[in-house]
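Residue numbers for the sequence shown follow my numbering, so the first one is 5 and each next one is one higher.
Keep in mind that the hints were calculated from the coordinates and are not lab data.
Accuracy of the hints is not assured; some may be wrong.
Straight-line distance between alpha carbons at most 30 Å, and here's what the computed DSSO-like set of lysine-lysine pairs gives [said to hold, decoys possible]:
| no. | residue 1 | residue 2 |
| --- | --- | --- |
| 1 | LYS12 | LYS78 |
| 2 | LYS16 | LYS33 |
| 3 | LYS131 | LYS78 |
| 4 | LYS131 | LYS37 |
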Amino acid sequence: MEFQEDIKNLVKVSLLASISLGYCYSVGKIISKGPLSAPSIPLFRFLSLACFPIGKSIPGKNPTHRSPLNYGIKALLLTTFLKVYHDHGDHMNPMIAWIFFAFSLYFFLDLLMTISSIVMEFLLGVKLDPQFDEPYLSTSLQDFWGRRWNIMVNRILHPTIYNPVRTMSARAIGHMWAPIPAILTTFAVSGLMHELIFFYFTRDWPTWDTMLFFCLHGVSLVMETTIKKFVNVKWSLPRHITAPLVVAFVLVTSYWLFFPELRRCKLVERAFEDYGAIAKIVTFVV
5 MEFQEDIKNL VKVSLLASIS LGYCYSVGKI ISKGPLSAPS IPLFRFLSLA
55 CFPIGKSIPG KNPTHRSPLN YGIKALLLTT FLKVYHDHGD HMNPMIAWIF
105 FAFSLYFFLD LLMTISSIVM EFLLGVKLDP QFDEPYLSTS LQDFWGRRWN
155 IMVNRILHPT IYNPVRTMSA RAIGHMWAPI PAILTTFAVS GLMHELIFFY
205 FTRDWPTWDT MLFFCLHGVS LVMETTIKKF VNVKWSLPRH ITAPLVVAFV
255 LVTSYWLFFP ELRRCKLVER AFEDYGAIAK IVTFVV
């Protein structure tokens with residue numbers, strides 16, 4: 005009975021959202037448009053664009069195209085890492101176990117987003133950009149957060165948080181220093197959103213470790229960009245040195261501040277429960 009009630013609630017929410025978006029689409033059709041308005045799009049595409057984080061590709065800023073072999077290797081590594089983590093995670097050094105878990109999480113998210121992109125391309129006829137661009141190859145924190153990790157979120161936060169704060173800060177402290185409060189504010193907002201997500205998972209008062217994690221990375225990114233700005237050198241460390249340093253910094257700080265929150269909200273256990281629930285829904289519908 006409880007399972008059927010969940011399905012009814014899901015149908016009600018989905019139906020209400022669809023009706024609301026359908027109303028917006030209909031009103032947009034009725035009201036006269038100005039000369040700068042975008043051309044009308046089909047209803048199904050409008051619903052998809054409204055419900056999912058889909059944005060237009062930016063010419064010259066698309067992530068590197070990856071071959072099917074790349075995804076095949078990631079699928080193999082995901083299976084191997086999950087097997088090792090599941091069978092030996094309790095007996096491993098906690099830091100080593102976290103490394104296996106972190107890479108498994110990245111491989112899983114990357115493959116999931118790729119599959120979703122293929123489905124959306126088939127249904128909508130549009131090609132979506134990847135959400136990740138090989139973050140383990142990052143040569144700096146700026147490269148990691150700005151161009152390689154969770155690209156869609158970066159594209160959302162940049163115009164909504166970073167640009168407005170930078171514009172306002174430029175009037176008070178000048179264009180040279182304006183990026184500093186913009187970066188710190190952006191990471192603070194990201195930290196608050198993650199704390200809110202974990203609150204919905206646990207329903208417990210936040211520990212603020214996740215907030216501290218993002219604030220730490222915000223301060224570190226400010227230091228990195230400031231050093232680059234004032235230390236005018238024409239050489240840089242090789243990629244095979246900077247990439248491991250960046251990955252190590254992200255993993256260590258994540259293990260210190262982010263991983264405990266994942267364990268507290270029992271992310272892995274809840275994920276498997278959700279997959280089981282989805283399988284039940286599919287079986288029930290079919």
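- Message: Checking one constraint from the list: CA of LYS131 to CA of LYS78, max 30 Å. Satisfied?
- Response: holds (21 Å)
**Prompt:** CA of LYS131 to CA of LYS37, is that 30 Å or under?
**Reply:** Holds: LYS131 and LYS37 sit about 28 Å apart, inside 30 Å.
Q. For the pair supplied as a hint, LYS16 and LYS33, is the alpha-carbon distance within the 30 Å limit?
A. holds (26 Å)
Given pair status - LYS78, LYS12, alpha carbons within 30 Å: With Cα atoms ~37 Å apart, LYS12 and LYS78 exceed 30 Å; violated.
The structure does not agree with numbered hint 1 stated previously, though it agrees with all others.
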